[in-house]
Amino acid sequence: MYRLVQNEVVKMLRKKRLYIVLGILLIMISAFAYGQYHSLDRTREQLAKRIGMTDTGDWRKLAEQQIIDMKNRLDSHYMDEEHNSTTRVRMEQLQYYLDNNINPVDISGARFTTRFIEQSIYLFLPLLMILLAADMVSGELAGGTVKLLLTRGVPRWKVLLSKYIALLLLELNVVFFTLLISVAVSGIFFGYGGWTEPVATGFQVAAGKLITSNVVNVPQWQYLLMVYGLAYFVMVVVGTVSFMISVLVKSTAASIGIMLSTLVSGTFLSSFLADWTLPRYLFMVNMRLTDYISGSLRPIEGMNLTFSLTVLAAWMVAAIVVSFWYFTKRDILV
Amino acid sequence: MQKRYSWYGIVAIALFSLIFTLFGFVQTIRFTTGSPVSQTATAPGTADKPVKEGNIINVFIIGDSIAMGIGDEKLQGIGGYLKDLMKTQTPRDIVVDNAGIDGLKTAELLQSIKSGRMDNALKSADFIVISIGGNDLREIQRLTDVSREAAYQEKKAAYLAGLKETTQKIRALNKNSVLIFIGLYDPTGQDNANENAKFVSEWNYQTQLLVAADQKAIFIPTYDLFKLNLDRFMAADKLHPNSTGYQMISYLISKDIENMLGQL
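Protein chains in written order, with our numbering: chain U, 117 to 450; chain Y, 347 to 610.
Bound conformation, chain U alone (with noise of 0.2 Å):
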């Protein structure tokens, strides 16, 4: 198993997939991190007409002045508790900037390396994802070199296994590289710090409603993991479902069209979501995972991050029994 394993990680080292996946994630990254950088240009801008903050320490007094009326405002018996949690929040948040001197609108390397993530994880890195997985097993099918590997007198499943398993080995890689090359990337424009600044989380979802009064800071390196915790999570899922569609399917150009129309689908299915359920129970509409711990979402009836995990786990599930069943009862004939 082990060296069945092995074999198969070399085989897609050789097909070259995994470097292209991390050019297009260096180049992307690459892209991202200069936008951001003169994006932040034009807020610091923006702000300072908005404002009249002209003088590079004005945010202080911006921010003491907040600290202050939120303050004023927790000691008020007309708020309700749910406010009193975010606003205790965003003043601990407020006091780190002072105390360490950042201004709240800089961003630093780990901020960059947090947001990469959430932008890309319902999109990017699933298209990455196919990339890595739709030719699996297709291809071996399409070129016929499928059965000199099942003439050996391995089972089957342990053939298929041993793919699966090479794959999840292989996107933990991308992981790691996307976590590597992001930091490495926007340090050179935000430098390296930011690892210890707080984050809001512990947002949660019931009825409907966003509810605050969970929400407490952590620091920006367990806020980072939580999020690449997450990316992993669905990763895994898209490469599954990927893998399924490649064991389905004799071509691979099929399998990628097919899995790419499904992610591009879910984008627009999205907007349905509060209003029609059957959507919410397909996998590509739950991939914003990192919008529930961030609390930047929009709350729709029902749908919370357990339920999307629930969702994402049947589905992978679902695909592992689907790729196995079928791969080992297909006929492999010529």
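Read the hints as simulated data drawn from the structure, not as lab findings. A few of these clues could be false.
Below, a list of computed lysine-lysine pairs in the DSS-like style, where the Cα atoms sit at most 27 Å apart [stated by the list, open to error]:
no., chain 1, residue 1, chain 2, residue 2
1, U, Lys-177, Y, Lys-420
2, Y, Lys-420, U, Lys-187
3, Y, Lys-429, Y, Lys-584
4, Y, Lys-460, U, Lys-325
5, Y, Lys-502, Y, Lys-544
6, U, Lys-177, Y, Lys-584
7, U, Lys-177, U, Lys-263
8, Y, Lys-510, Y, Lys-562
9, Y, Lys-562, U, Lys-187
Remember, it's a predicted structure, so these values are computed and weren't measured experimentally.
We have chain U; now place chain Y onto it with these hints.
Chain Y only, in chain U's frame:
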């Protein structure tokens, strides 16, 4: 040989990222799926409200961030300064209660009055200071020039209707209190000066007409007070008054109610 190295590299990296992604995943679950803290449904402001007693003058402040005192670096707000000023005018005790919530709009104020949780405070108040409408008006500033005029008319109509109903609700609870409406000022200064000036002035004028219909209600104009003094009276956020600004507003109020205070 090279093949072997890259295989070990892949496995090592995979193990490493498996550990950190798993850690992150577990953290996410921990933070996000704890049982939601039960929303403490203790209707705020019902329990320990000042009850009307012979020797006490109750001031109740409701409305938006201006009511709350946002922007005041000394944390006093209208409530603090007005209390001090009134103390110089009457020997009786002044009790101020502040129910201002920043960001509040007219419809939300009406809703919270209808909810009944401020009933006790409203009933026992001798003076009710109301600051509302600024957030309604501010909404239209995000719009483009073309749709702004129409949106303004719509907002204004909704605001006036809401304010009228709010006043009626308060009057149904408390016939004798003095209602003090804080007028709007224009925090933007020079930007689109003409159009904003027109909007704010018309808004204030319509509010004044409504206030004039009530025998015991007054309108505190702030527009001209702030117009040429923005840098002196504005807080660092360029939206709310600072300590001096609040003191000026409180001073105007105290002068307007001086006579009334003696009669109570």
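| field | Proposed proximity, Lys-420 (chain Y) with Lys-177 (chain U) (alpha carbon, max 27 Å) | value | Since the Cα atoms of Lys-177 (chain U) and Lys-420 (chain Y) sit roughly 14 Å apart, the hinted pair holds (cutoff 27 Å).
| message | Check the hint pairing Lys-420 (chain Y) with Lys-187 (chain U) against an upper bound of 27 Å on the C-alpha distance. | response | holds, 11 Å
| said: Run the distance test for Lys-429 (chain Y) versus Lys-584 (chain Y): straight-line Cα separation, threshold 27 Å. | reply: holds, 26 Å
| Restraint check for Lys-177 (chain U) with Lys-584 (chain Y), where alpha carbons must lie at most 27 Å apart | It holds: about 12 Å lies between the C-alpha atoms, which stays within 27 Å.
| query | Given the hinted pair Lys-460 (chain Y) and Lys-325 (chain U), is their alpha-carbon gap at most 27 Å? | reply | holds, 22 Å
| Lys-562 (chain Y) paired with Lys-187 (chain U) [C-alpha distance capped at 27 Å] | The hint is violated at about 34 Å.
| query | Within 27 Å, alpha carbon to alpha carbon, are Lys-177 (chain U) and Lys-263 (chain U)? | reply | It is violated: about 72 Å lies between the C-alpha atoms, which goes past 27 Å.
| request: For the pair we were handed, Lys-510 (chain Y) and Lys-562 (chain Y), check the Cα-Cα distance against 27 Å. | output: holds, 14 Å
| query | Quick one, are Lys-502 (chain Y) and Lys-544 (chain Y) close enough, alpha carbons at most 27 Å? | reply | holds, 13 Å
Hint check: violations occur at hints 7 and 9; the rest are consistent with the structure.
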